[in-house]
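Chains as they are written, first to last, in the numbering used here: chain A, 1 to 463; chain B, 1 to 463.
Take these hints with a grain of salt, some might be off.
The list treats identical chains as one, so a pair stands whether inside a single copy or across any two.
[To be verified] 20 Å max Cα-Cα, derived DMTMM-like pairs, lysine to aspartate or glutamate:
id	residue 1	residue 2
1	Lys274	Asp55
2	Lys142	Glu273
3	Lys328	Asp55
4	Lys328	Glu316
5	Lys52	Glu273
6	Lys206	Glu143
7	Lys142	Asp315
8	Lys142	Glu316
9	Lys266	Glu143
10	Lys266	Glu85
11	Lys52	Glu276
12	Lys274	Glu49
13	Lys266	Asp318
14	Lys142	Glu85
15	Lys266	Asp324
16	Lys420	Glu316
17	Lys204	Glu357
18	Lys420	Glu81
19	Lys204	Asp315
Simulated from the structure, these hints should not be mistaken for laboratory data.
Number of protein chains: 2
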Amino acid sequence: MTFLSNSLTPLFSPPPLLATTEAENGPLILSGVLLSLIVIYLASKLGAEAAKRFDFPPVLGELLAGVLVGVSALHLIIFPEGGLEASDSLLMTVLQFLNGLSPESVSTIFASQSEVISVLAEIGVIVLLFEIGLESDLRQLKEVGVQAVVVACVGVAVPFAAGTLGLMAIFHVAAIPAIFAGAALTATSIGITSKVLSELGQLKSKEGQIIVGAAVIDDVLGIIVLAVVASLAKTGEIDAVNVLYLILGATAFLIGAIVLGGVFNKTFVAIVEKLETRGNIIIPAFIFAFIMAFIGNAIHLEAILGAFAAGLVLDETDARQELDELIKPVADILVPIFFVTVGARADLRVLNPMVPENRAGLLIAVFLVLVAIAGKLVTGWTVFGQPGINRAAIGVGMIPRGEVGLVFAGIGSASGILSKPLEVSIIIMVILTTFLAPPFLRITFGNTDTPDANSELKKELVS
Amino acid sequence: MTFLSNSLTPLFSPPPLLATTEAENGPLILSGVLLSLIVIYLASKLGAEAAKRFDFPPVLGELLAGVLVGVSALHLIIFPEGGLEASDSLLMTVLQFLNGLSPESVSTIFASQSEVISVLAEIGVIVLLFEIGLESDLRQLKEVGVQAVVVACVGVAVPFAAGTLGLMAIFHVAAIPAIFAGAALTATSIGITSKVLSELGQLKSKEGQIIVGAAVIDDVLGIIVLAVVASLAKTGEIDAVNVLYLILGATAFLIGAIVLGGVFNKTFVAIVEKLETRGNIIIPAFIFAFIMAFIGNAIHLEAILGAFAAGLVLDETDARQELDELIKPVADILVPIFFVTVGARADLRVLNPMVPENRAGLLIAVFLVLVAIAGKLVTGWTVFGQPGINRAAIGVGMIPRGEVGLVFAGIGSASGILSKPLEVSIIIMVILTTFLAPPFLRITFGNTDTPDANSELKKELVS
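Chain A on its own, in the form it takes in the complex (with noise of 0.2 Å):
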């Protein structure tokens, strides 16, 4: 219905802002969201498939599809940031091209297109840790629960400090920036690293389970201190208000929903099974994953933290085992336009070391890395109590910063605390932590002689 806005556009009174924007622009954006979704689910099926065929796990295959079709490499699935536009964008050309668009429509189009993939690859990862929750054993995790709590102190504290002093010691950089990129080598990416750990079958392991349990820990602990350093950036001073509140504000929504646990089950069971009409299972099981993560959101945590704990519940009812099968199509529809995209954000021309100007931040950029590396390692010998269990396995699985450390690596460059190559060295971390930990991660637990409890599962996943 193009040609009709087009044509109707001169009579339109003086535009009522959406209104009409909507009416013109709507099929086209429509069409820009279609066109990217066809880009995203090609992407991930190639290069999941192809790195099944060299024995990778699939989702580096997608992340790696996504940096192909993305910012890096084709411009098919790009976004509005770092002074991106429209005509930066593959596929606007292609829908400007074919509905001989205004470049100031297209601007329009990329602009919601944009948004609309953004919050769809949010659904996604909200759908793959409410997933994850119901997958993972609440029992079992509360047994790793001193140990997950203790690889992930360790874990925020020890890439933070040294990252931060030797930001400051050996680059000279200021505090509050070194502070900040302290901060962004804290949160390890429970989605990616879950997604490897179901992939290798390794979920419900006991490594598999600290490693969880310490990322969501972690992720918590890495928002905190986001938080602290940001009020750090605007009033030279700790909010010491903000800062509790915070703390207490995770904590209770986390034990909150483990004693909701125990008393929703029977509640949830009760009202599924008096539904007769479609969706009996899945609209009730997502209307309190939904809500979950808008507490999570609204409390100023994540949206996803609250999606695994509504997963975490569910697990427990005894609608899980029908539950597990009807997520699975939602999962593989929504999953897979979060790693795609986050491949595409990331812009890996920034390590090109031709290029005078990205050797400063290379520089950091490898000590950062060391750094990311070295300070989530080190964790898998703070596990005590169990013994024989794979220090390096839970070491490795730590490593992968993923979409958290981009949320650092976003908000520190739009704010202006960051210069270019510290944020560009933040960027080059994501990127390498993400890409290396899961053949290490494989590599790591195919070396376990431990045998492997979960082959069916594995099985299931893997395929």
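On the provided structure of chain A, position chain B as indicated by the hints.
Positioned in the frame of chain A, the structure of chain B alone reads:
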């Protein structure tokens, strides 16, 4: 992370438009979308279950629940159309209160959030039509092809002519708005009719196939009529090349899809069998469906026609059974967004006869509703060579105008072609035909003596 974005705002350099908006409002847009989805899912489930208890089709309950949460009543799910702003939205008020936002931020978030929900609703109707295509039998649709064409043509010509001439003769409406309103009477809503048919287990009956076939065809015809009318409105004369292009494009698209069906079958199954990672069936199916939807959109037809064609093609493959199972949870999650938002957008307050301004519109509305119902009802008696067919059911099945009619009203209102009473009348016509058809369809099919050949499908779909 709201507090962060807020606290960092003073540090932002003059906004590079979207990078800033996204970084600043990203988590709040997600919050808005999550809140909207929670309300939509709650409404859809409560509405569907209530309708089921009163023996109405669940889809009617979803629409009515949509009206309840929408612009007519609770103002939970509203869109920035017809002068509505963020401050009119209860959800936005909650979000503003929770986060202490400025009115400008709320406006931006409201706009983005509404766009995301709109696109999700559009993807919902794409998935719905894809699923309906999968459930339709192409060979059977071909058998009723001629009847469907006759029903469609009569169902477009009669309401168009009667509506346009009646408005000009009785209500002294000028030619161009009269033609536009007449055109708004033409296109049957495939989505609502098919959903009701499938709930009644009548999708594969001869009547069901004729209705769906005719709805597909008259949607194409409706778009052509709309194109012609829009050309008329713009230039005062019909653009013959554009009309020819549209007619040829639509025909080629549908015939092409059917021919492709014979060729693409084996390729699709061969690809699916080679894939070893998760989503091996559903992702290729969605890639195909979205490509077809994109083409449908790109050649100025509708995305849903492409998705329907894609479903028809994949229905012929061996992977069909498995795909049917996988698509269900995805449809359960996405389709309610469409039905609830259709209800939410319909402003029932324009029906209030206590407001004097509404009365002129009400008379026109009564006329349009009568023409809309009678003009489609007669189509049942144009079916030939099918002795014993349920003619009333076919006529009633063609009545709902739904989303397509709302598109007409939206474009007519945005372009200023339609006077307020005329616009209101079209909306009333759309609401009444949409709401009346499902129960009448149930009654007419209930009177059939033909044994229900699809009781299994029926049981499956109704539950």
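We went through each hint and held it up to the structure:
1. Lys274 <-> Asp55: between (46 Å within a copy, 16 Å between copies)
2. Lys142 <-> Glu273: Answer is neither; intra-copy 29 Å and inter-copy 41 Å both fail.
3. Lys328 <-> Asp55: Answer is neither; intra-copy 23 Å and inter-copy 32 Å both fail.
4. Lys328 <-> Glu316: within (18 Å within a copy, 24 Å between copies)
5. Lys52 <-> Glu273: between (40 Å within a copy, 15 Å between copies)
6. Lys206 <-> Glu143: Within one copy only: 9 Å inside a chain, 61 Å across chains, cut-off 20 Å.
7. Lys142 <-> Asp315: Intra 14 Å, inter 47 Å, cutoff 20 Å: intra-copy only.
8. Lys142 <-> Glu316: within (13 Å within a copy, 50 Å between copies)
9. Lys266 <-> Glu143: neither (24 Å within a copy, 51 Å between copies)
10. Lys266 <-> Glu85: neither (51 Å within a copy, 41 Å between copies)
11. Lys52 <-> Glu276: between (41 Å within a copy, 8 Å between copies)
12. Lys274 <-> Glu49: This pair counts as between: shortest inter-copy Cα distance 9 Å, intra-copy 41 Å.
13. Lys266 <-> Asp318: Cα proximity of Lys266 and Asp318: one copy only (8 Å, versus 40 Å across).
14. Lys142 <-> Glu85: So Lys142 and Glu85 fail the 20 Å test inside a copy (48 Å) and across (47 Å) alike.
15. Lys266 <-> Asp324: within (18 Å within a copy, 31 Å between copies)
16. Lys420 <-> Glu316: For Lys420 and Glu316, the Cα distance exceeds 20 Å both inside one copy (47 Å) and across copies (55 Å).
17. Lys204 <-> Glu357: neither (45 Å within a copy, 66 Å between copies)
18. Lys420 <-> Glu81: within (14 Å within a copy, 42 Å between copies)
19. Lys204 <-> Asp315: The answer is within: 13 Å in one copy meets 20 Å, while 39 Å across copies does not.
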